[in-house]
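Residue numbers (the UniProt record's numbering), protein chains in the order written: chain A, 1 to 234; chain B, 1 to 234; chain C, 1 to 214; chain D, 1 to 214.
Honestly, the hints are just simulated from the structure, not real lab data.
Mixed in with the good hints there might be a few duds.
Examples of chain D residues toward chain A, derived with CB under 10 Å [as the list claims (entries may be wrong)]: (1) Ala33; (2) Pro37; (3) Glu47; (4) Gly49; (5) Pro55; (6) Ile67; (7) Asp84; (8) Ser85; (9) Val92; (10) Thr117; (11) Ile118; (12) Gly120; (13) Pro137; (14) Arg138; (15) Ser165; (16) Asp168.
Ideal Cβ positions, reconstructed from N, Cα and C, are used throughout, including at glycine.
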Amino acid sequence: MANKVYPNAVTAVADQLRDGMTILSGGFGLCGIPDALIEAIRASGVRNLTIVTNNPGIDGIGIGRLVETRQVAKLIASYAGENATFARQYLAGEVEMEYNPQGTLAERIRAGGAGIPAFYTPTGVGTDIARGKETREFNGRPCLLEHGIFGDLALVHAWKGDTEGNLLYRLTARNFNPVMATAAKVTIAEVEQLVQPGAIDADHIMTPGIFVKRIVELPRVEKHIEKLTVRQRA
Amino acid sequence: MANKVYPNAVTAVADQLRDGMTILSGGFGLCGIPDALIEAIRASGVRNLTIVTNNPGIDGIGIGRLVETRQVAKLIASYAGENATFARQYLAGEVEMEYNPQGTLAERIRAGGAGIPAFYTPTGVGTDIARGKETREFNGRPCLLEHGIFGDLALVHAWKGDTEGNLLYRLTARNFNPVMATAAKVTIAEVEQLVQPGAIDADHIMTPGIFVKRIVELPRVEKHIEKLTVRQRA
Amino acid sequence: MPWNREQIAARAARELQDGFYVNLGIGIPTLVANLIPEGMSIQLHSENGMLGMGPFPFEGEQDPDLINAGKETITQIPTTSFFDSVASFGMVRGGHIDISILGGLQVSETGDLANWTIPGKMVKGMGGAMDLVAGVPRIVVVMEHCAKGESRLVKQCTLPLTGKSVVDLVITDLAVFEVRKGEAPALRLIELAPDVDVAEVRANTAADFVESLN
Amino acid sequence: MPWNREQIAARAARELQDGFYVNLGIGIPTLVANLIPEGMSIQLHSENGMLGMGPFPFEGEQDPDLINAGKETITQIPTTSFFDSVASFGMVRGGHIDISILGGLQVSETGDLANWTIPGKMVKGMGGAMDLVAGVPRIVVVMEHCAKGESRLVKQCTLPLTGKSVVDLVITDLAVFEVRKGEAPALRLIELAPDVDVAEVRANTAADFVESLN
């Protein structure tokens with residue numbers, strides 16, 4: 001019987017890494033990031049990576065881990081505002097960044113995973129990101145041609161997962177995780193709770209197991225808050 | 001306070017109908033069809049409709065109701081195999097049919113709802129459905145240009161819905177319902193159970209209320225089985 | 001002796017591998033579901049929005065909300081997941097399904113497939129067939145070798161195509177053919193049904209093919 | 001007396017209508033959330049995958065899995081739904097959000113908006129701003145009229161654009177301008193802050209505009 005369950009993040013990623021590969025990572029800010037898998041990638045020392053993610057976390061957390069160690073050669077993202085190390089490397093020309101509008105980024109990855117090689121979108125027409133892209137009018141409205149993204153490896157963080165690879169995400173920790181899971185040759189999921197098939201209601205599954213090649217239960221879950229905002233009790 | 005709840009299907013559709021309009025309908029076979037809303041459309045007598053749906057049900061059920069009364073001028077679908085009245089009208093040239101591969105149909109509606117005017121797909125290259133469509137190669141593979149679909153009205157059937165319009169579908173009755181809900185000026189949902197906001201776990205909601213303008217609780221739910229297949233107990 | 005439908009399906013089942021996600025067409029392909037080798041973990045995809053299809057329900061336990069792409073009542077199993085039609089065809093077109101076993105009306109010697117309509121006779125539609133042949137990396141066609149005395153393995157399809165150069169393997173009641181896309185001839189006879197010889201296959205095959213039996 | 005940030009936000013809040021789905025940018029737009037008129041049902045969209053944003057959590061009740069697009073901890077409310085980033089931007093690009101209230105660095109006299117970067121200074125990114133201005137049918141920009149003595153209402157944006165001809169309404173500390181796309185001049189002064197006169201607005205505005213006060 002096929003087995004998708006791996007004992008830990010390090011063994012799950014071990015034979016999947018090579019220099020110059022493209023890795024997709026779920027997460028938005030520090031929310032829903034596959035941090036244990038990223039740490040395993042950091043520890044492996046693999047280099048010259050192209051990383052596709054919404055934003056590279058902060059210094060030393062999430063994709064920030066790989067920025068610090070200079071394992072990232074190129075970042076495809078919509079935002080890099082809270083990572084000072086990345087900003088320094090970028091302004092010094094040491095790392096490449098391809099800016100994508102967030103919706104275009106999400107849609108490009110979705111297209112890659114869904115077998116759509118390219119699509120037209122009104123987003124970004126007349127801006128810097130339109131440079132070098134075909135523009136074409138539909139219903140009188142100019143649109144840009146954008147291409148699908150498909151990676152070598154996708155890393156996602158889920159709340160619950162079963163041994164078949166069916167995944168459930170929690171609240172806004174869902175974000176880019178489901179789409180990343182669809183758009184790589186190999187998808188590895190880290191989960192807070194590993195359960196048996198049938199324990200998750202089949203109607204609630206957000207990522208069907210078909211997209212998940214390997215799954216790892218986290219021994220302990222450490223979550224970070226980037227900006228704690230609270231209100232006072234009346 | 002905005003109110004989305006209507007007392008019944010007839011009042012929910014009443015002021016939304018005009019001859020020649022395009023109506024999208026969820027459902028696959030007889031599973032998950034918005035049959036009460038379709039019956040309200042039938043009763044209204046509105047004519048010359050373009051219907052977008054995966055398949056037009058069977059005689060007298062689902063979109064079949066509107067076929068019988070000749071309210072359908074054109075069908076955009078992937079299949080029409082089980083509706084004898086439709087077949088007769090089609091072979092007599094009384095109704096138009098635009099065949100779409102099922103995945104292309106789903107993707108076109110999804111594109112319409114998601115602001116993507118057009119996309120390329122490998123499906124259908126070299127077949128009859130490629131006729132008149134632009135073909136373009138991506139990564140050495142020819143693909144067809146397909147356009148988004150956006151309707152005047154979308155009808156969906158959901159299992160549970162809250163008064164905000166958040167919807168939950170059950171098992172394979174989900175099918176085309178969520179995508180139809182995204183791709184029309186006005187979407188009306190019929191639900192088996194109407195509940196208060198908060199009664200459905202926010203993580204499980206399949207169609208967020210933003211897509212649903214009107215919602216109707218069915219007084220009684222009649223579901224049809226197209227092909228009953230069972231096994232004997234050992 | 002040519003294979004019967006069950007035997008054709010059994011031969012098709014040998015194309016499955018442990019862990020595969022599989023889409024089965026209607027007709028002979030459906031029989032494959034009951035012939036999955038013991039101990040092999042296979043998840044069946046139903047294009048209407050389901051992975052992990054279970055068997056038919058026991059009488060009285062049918063649920064109108066739970067059907068397969070053929071509109072038959074079915075059941076769920078512990079590994080089942082449900083999703084919408086968009087996600088379903090994202091899986092298909094995106095190449096996530098490992099193999100699809102489909103019925104055929106005609107297969108050409110370059111691997112073209114016609115299986116969705118007979119003009120003037122059928123008002124059905126392609127359903128998901130064109131998406132499957134475009135998206136699934138391995139397409140196996142199972143069909144009777146001949147229909148009304150006419151070979152279904154043809155030089156060129158005369159019926160409307162489902163896809164061009166999409167078939168990887170053809171299993172008929174007489175033989176098994178591999179399609180090596182881009183080669184000429186692309187059809188390679190790799191296996192015979194018991195007591196069927198090459199002469200019989202040649203006599204019943206309009207398409208050009210090479211022998212590659214071992 | 002020019003409007004302060006809170007007053008700018010209050011003016012923006014008057015653009016809301018009962019039943020609206022609303023996306024608020026970071027900065028002054030965020031203040032609008034607390035100024036929604038009583039009895040009005042408004043659902044706030046957060047681009048990271050949420051409709052129906054609640055207020056900040058009480059101290060100690062924060063959840064790292066529940067943040068807004070500004071990465072701040074927030075809460076859910078009974079109407080809340082969660083979804084992924086693809087669905088979130090499907091809503092945005094598909095025109096399903098009724099209005100977006102955004103900050104601005106520059107607005108041109110044809111309604112171009114620049115609000116995502118200052119070359120050489122910021123390494124941030126457009127996030128969802130380009131998608132919002134392309135997809136949401138009504139775009140309201142709230143900003144200080146001038147920055148360091150320079151008008152932010154300009155003939156042509158000198159900063160990289162977020163979108164071309166996308167702004168519908170501009171609310172500054174001095175005045176409110178409607179943008180009539182396609183007309184020239186497109187900018188129409190429709191409202192003044194208390195004790196601000198047209199001369200003061202003219203003196204502080206590099207863009208051409210017509211008066212349309214009533």
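### Query
For this structure, which hints from the list above don't hold up?
1, 2, 11, 13, 14 and 16
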